[in-house]
Amino acid sequence: MDKKFKPKDWEDKIIKLWEEKKYFQAKVNKDKEPFVIILPPPNANGSLHVGHAMYVYEDILIRYNKFNGREVLWLPGEDHAGFETWYVFEKELKKQGKSKLDFDRDVLYQMVYDFVNEKRGIMRNQLKRLGFALDWSKSKFTLDEDIVHIVYLTFKKLFDQGLVYRGLRVVNFCVSCQTSFSDLEVEYQEEKSKLWTIKYLLSDKSGYIAVATTRPETMIGDTAVAVNPDDSRYKKLIGKTVKLPLVGREIPIIADSAVDPNFGTGAVKVTPAHSDVDWQIAQRHKLPLVQIIDFDGRANENALSYKGLSVSEFRTAVVSDLKKKGYLISEKDYTHRVGKCYKCKTTIEPLAKEQWFVKIKPLVDRVKPLLEKDKVKIYPKRFKTQLLNWLDKLYDWNISRQIVWGIRIPAYQCQVKGNQECQQKDGWFVSIETPSQCPYCSSSDFSQDEDTFDTWFSSGQWPYATLMSLASEGKNLQSLDEYKRLSFFQYFYPTTVMETGFDILSRWVSRMLMLGLFSVGKTPFYNVLLHGLVRDQYGQKMSKSKGNVIDPLELVDKYGADALRAALIFNTKVGSDVNMSEDKVVAMRNFANKVWNIGRFIYLGLNNDKEADSFETDSLDDIVENLHKEFQDLKKKYSDSLKKYNLTMAFDLLYDFTWHRLADYYLEKLKDAVWQGDEKVLASLKTVYLSLLQMLNPYMPFVTEAVCLSIENRSLYDID
RNA sequence: GGCCGUUUAGCUCAGCUGGUUAGAGCACCCCGCUUACAUCGGGGAGGUCGGGGGUUCGAGUCCCUCAGCGGCCACCA
1 MDKKFKPKDW EDKIIKLWEE KKYFQAKVNK DKEPFVIILP PPNANGSLHV GHAMYVYEDI
61 LIRYNKFNGR EVLWLPGEDH AGFETWYVFE KELKKQGKSK LDFDRDVLYQ MVYDFVNEKR
121 GIMRNQLKRL GFALDWSKSK FTLDEDIVHI VYLTFKKLFD QGLVYRGLRV VNFCVSCQTS
181 FSDLEVEYQE EKSKLWTIKY LLSDKSGYIA VATTRPETMI GDTAVAVNPD DSRYKKLIGK
241 TVKLPLVGRE IPIIADSAVD PNFGTGAVKV TPAHSDVDWQ IAQRHKLPLV QIIDFDGRAN
301 ENALSYKGLS VSEFRTAVVS DLKKKGYLIS EKDYTHRVGK CYKCKTTIEP LAKEQWFVKI
361 KPLVDRVKPL LEKDKVKIYP KRFKTQLLNW LDKLYDWNIS RQIVWGIRIP AYQCQVKGNQ
421 ECQQKDGWFV SIETPSQCPY CSSSDFSQDE DTFDTWFSSG QWPYATLMSL ASEGKNLQSL
481 DEYKRLSFFQ YFYPTTVMET GFDILSRWVS RMLMLGLFSV GKTPFYNVLL HGLVRDQYGQ
541 KMSKSKGNVI DPLELVDKYG ADALRAALIF NTKVGSDVNM SEDKVVAMRN FANKVWNIGR
601 FIYLGLNNDK EADSFETDSL DDIVENLHKE FQDLKKKYSD SLKKYNLTMA FDLLYDFTWH
661 RLADYYLEKL KDAVWQGDEK VLASLKTVYL SLLQMLNPYM PFVTEAVCLS IENRSLYDID
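Quick note on numbering: the first sequence equals residues 1 to 720 in my numbering.
FYI, nobody ran anything at the bench for these hints, they're computed from the structure.
Keep in mind that a hint or two might mislead.
[Stated by the list, open to error] As a list, the in silico SDA-like pairs of lysine to any residue whose alpha-carbon atoms are at most 25 Å apart:
{"hint": "1", "residue 1": "119", "residue 2": "19"}
{"hint": "2", "residue 1": "22", "residue 2": "68"}
{"hint": "3", "residue 1": "91", "residue 2": "113"}
{"hint": "4", "residue 1": "91", "residue 2": "186"}
[Unchecked claim] Simulated restraints, written as ranges between beta carbons of each label pair:
{"hint": "5", "residue 1": "331", "residue 2": "551", "range": "46 to 52 Å"}
{"hint": "6", "residue 1": "581", "residue 2": "186", "range": "32 to 38 Å"}
{"hint": "7", "residue 1": "621", "residue 2": "558", "range": "43 to 49 Å"}
{"hint": "8", "residue 1": "421", "residue 2": "551", "range": "56 to 62 Å"}
{"hint": "9", "residue 1": "31", "residue 2": "361", "range": "39 to 45 Å"}
{"hint": "10", "residue 1": "443", "residue 2": "330", "range": "54 to 60 Å"}
{"hint": "11", "residue 1": "581", "residue 2": "344", "range": "27 to 33 Å"}
{"hint": "12", "residue 1": "539", "residue 2": "262", "range": "38 to 44 Å"}
{"hint": "13", "residue 1": "576", "residue 2": "68", "range": "23 to 29 Å"}
{"hint": "14", "residue 1": "286", "residue 2": "551", "range": "57 to 63 Å"}
{"hint": "15", "residue 1": "345", "residue 2": "551", "range": "24 to 30 Å"}
{"hint": "16", "residue 1": "432", "residue 2": "68", "range": "39 to 45 Å"}
{"hint": "17", "residue 1": "301", "residue 2": "381", "range": "52 to 58 Å"}
{"hint": "18", "residue 1": "68", "residue 2": "375", "range": "19 to 25 Å"}
Since the model is a prediction, treat every value here as computed from it, not as a measurement.
Beta carbons: idealized from backbone N, C-alpha and C, even for Gly.
Build the full structure now, drawing on both the sequences and the hints.
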């Protein structure tokens with residue numbers, strides 16, 4: 001054995017050994033209780049970043065439970081990550097001086113597919129290098145044909161039950177990315193702006209009503225002015241009409257309780273085409289819709305002479321005209337939150353658009369009791385409250401995206417007009433297979449929706465979609481219920497733990513719960529374990545511009561995967577952000593070396609053929625006995641901690657025991673005996689040490705395995 | 001505006017259900033290359049556990065309150 005543990009000499013060898021021995025290839029095994037984690041599929045559009053290294057939490061649980069006799073399955077896969085990948089890809093295109101407009105849909109799709117495929121291969125190797133005990137024989141991709149089939153079945157089931165509908169609504173639209181988003185994908189930023197108060201003259205010339213707004217340009221599309229029904233100031237005006245300034249169109253003054261009498265002037269302009277609140281008011285009062293801003297972010301023909309202006313130019317022009325014509329009462333500084341595209345930071349335009357929506361309420365109603373009764377447990381506990389709060393606030397979920405990259409929505413619109421049945425659903429029907437005719441009127445004149453699904457719609461199905469497709473061995477079945485009956489599925493579903501970052505609690509975890517319950521009738525997982533963000537050594541967020549980004553693979557090269565893994569755990573708290581520094585990795589590298597040298601010491605003792613001298617065996621017995629006692633105590637605390645998902649405490653205990661008790665204390669006391677080849681002492685030490693290695697293995701799989709192979713000539717996973 | 005987290009040694013942080021002289025890693029000082037390891041060993045310095053109040057035999061740990069930092073949510077146009 002070398003004096004130092006050299007990760008490079010061992011890592012590849014050990015990875016190969018695990019693969020050959022198939023330790024982590026799960027099978028249906030009725031004698032064992034399964035322990036299942038579905039890997040949150042990384043976005044297949046880049047390399048692994050240090051955040052992905054947090055998968056180590058899952059690896060620890062998998063390996064620990066493997067040693068505990070569970071049938072473990074840790075299922076890998078990759079996410080096509082629709083919009084995210086599309087965004088990265090478009091940037092690449094631009095770099096090459098090309099644009100998406102240069103290619104047709106199929107060619108584009110193939111290009112992204114190739115791009116993603118390359119990344120998938122890279123990521124797999126990187127995950128392996130981190131030592132993750134994933135079952136690669138079962139790896140899935142969100143665009144696998146059999147996964148897509150299941151996603152389609154889910155969509156159809158939702159559609160058939162009326163839980164998904166096509167609707168014209170004001171959606172969050174990014175005019176730069178040219179797609180809509182769900183509410184959860186909009187990021188709000190404080191922005192300094194103005195609050196303008198505008199004079200709307202009453203048609204009967206009896207005066208005016210003052211309206212306050214942050215978006216004066218949208219007044220061109222106003223179709224009403226609203227006041228609170230209980231506002232005494234305006235009671236007598238309700239029902240009258242005003243002349244829309246600059247436009248001259250007559251619009252009514254209406255009463256709606258959504259209006260807060262205490263804000264601004266208590267009177268609101270209503271622009272149903274460009275504000276969700278206004279849209280809802282318009283629905284209640286059957287107001288018309290005048291769209292004045294187009295999907296390219298510019299004023300359209302309804303905006304009269306302003307046509308062609310960008311939103312900000314439009315605003316400036318309208319304000320200046322209002323001023324000129326004496327309609328502007330005041331202009332005050334005002335700071336408010338503005339919705340931004342979470343990717344490109346362009347201001348989101350609320351625009352009326354027909355999209356597919358998932359009705360949230362019925363789905364949420366099934367999720368909430370599970371959380372409330374702790375049928376699904378969330379660690380740390382505080383996130384349970386957060387999730388429940390969210391669930392109460394969710395609106396219907398827009399799942400249509402206007403991008404090519406993704407799963408195309410299997411919805412078709414019949415072009416035949418006038419047929420009653422077709423008209424009921426505006427001609428829309430859903431079909432898993434490419435249809436040959438409209439199911440309502442048998443016409444063959446129909447076309448498929450151009451849009452693709454929100455990625456979270458498919459990844460929200462990931463736990464059951466993966467297990468179903470594996471259960472049927474790729475065969476496409478007719479319904480979700482048929483998949484549900486397969487024994488493989490029944491054995492592995494629901495999964496045991498969902499471990500992921502708390503930042504996607506609402507976007508992902510909530511959707512998996514909703515869709516899992518809907519499609520399978522059972523929760524997709526019993527436990528949710530959440531981790532935080534990886535930050536730099538000073539607690540700063542990593543970013544390219546700050547230059548503090550840590551590349552996990554670089555650290556693996558330099559110090560070994562064990563060191564990186566342990567550095568993410570040591571002296572941290574589960575669920576909080578983790579600060580990462582090279583110093584910490586070095587410290588853990590040193591610890592790995594300590595583990596190695598304890599083994600080396602025992603190994604040297606075992607292979608020492610020196611004659612044993614006579615000893616004070618009484619005191620030795622006491623020391624050995626104490627060692628065993630202390631170790632038993634450690635074992636208990638260790639598994640207690642892990643049962644509570646306190647991965648840090650379990651590791652800190654191991655660190656302290658290994659270094660400061662076993663090495664610094666016991667080994668020093670027993671040193672002479674070891675050198676003398678005292679069999680009793682050595683046997684005790686070996687027993688404790690091998691058992692300790694198994695406890696450490698989940699955290700530092702390489703050094704523990706390497707030292708076991710050196711001493712025992714077999715894997716830790718072959719020791720009972 | 002609401003909710004949540006956080007404030008412990010120079011730095012970054014652990015401290016589970018309240019209980020003996022409050023811990024770790026890094027940094028620092030002194031000594032040591034002794035046949036497991038200098039990626040080491042031995043020794044040491046360093047904290048009124050954010051402020052105030054309370055409960056208790058006993059509080060970093062529970063309650064109240066104030067303050068700083070961070071995050072999440074909200075249709076006040």
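Against the range 19 to 25 Å, how does the distance between the Cβ atoms of residue 68 and residue 375 compare: consistent or not? With Cβ atoms ~23 Å apart, the hint holds.
At the C-beta level, are residue 331 and residue 551 separated by a distance inside 46 to 52 Å? 50 Å, holds
Compare the distance between the alpha carbons of residue 91 and residue 113 with 25 Å, and conclude whether the hinted pair is satisfied. 15 Å, holds
If you check the beta carbons of residue 621 and residue 558, does the distance land in 43 to 49 Å? 44 Å, holds
I want to verify a distance hint. Is the separation of the beta carbons of residue 421 and residue 551 within 56 to 62 Å? Once the Cβ atoms are compared, 58 Å apart, the range 56 to 62 Å for residue 551 and residue 421 holds.
Is the distance from the Cβ of residue 576 to the Cβ of residue 68 consistent with 23 to 29 Å? 27 Å, holds
Regarding residue 345 and residue 551, is the given constraint of 24 to 30 Å on their beta-carbon distance met? Check passed, 25 Å falls within 24 to 30 Å.
Is 27 to 33 Å respected by the C-beta to C-beta distance linking residue 581 and residue 344? 32 Å, holds
Do the beta carbons of residue 31 and residue 361 sit within 39 to 45 Å of each other? 43 Å, holds
Starting from the hint 57 to 63 Å, judge whether the C-beta atoms of residue 286 and residue 551 obey it. Roughly 58 Å apart at Cβ, these two residues keep to the hinted range, so it holds.
Taking 32 to 38 Å as the stated bounds, is the beta-carbon spacing between residue 581 and residue 186 within them? The hinted range 32 to 38 Å holds for residue 581 and residue 186, with Cβ atoms some 34 Å apart.
Straight-line alpha-carbon gap residue 22 to residue 68, limit 25 Å: Holds - the C-alpha atoms of residue 68 and residue 22 are around 17 Å apart, at most 25 Å.
Violated hints are absent here; each numbered hint is respected by the structure.
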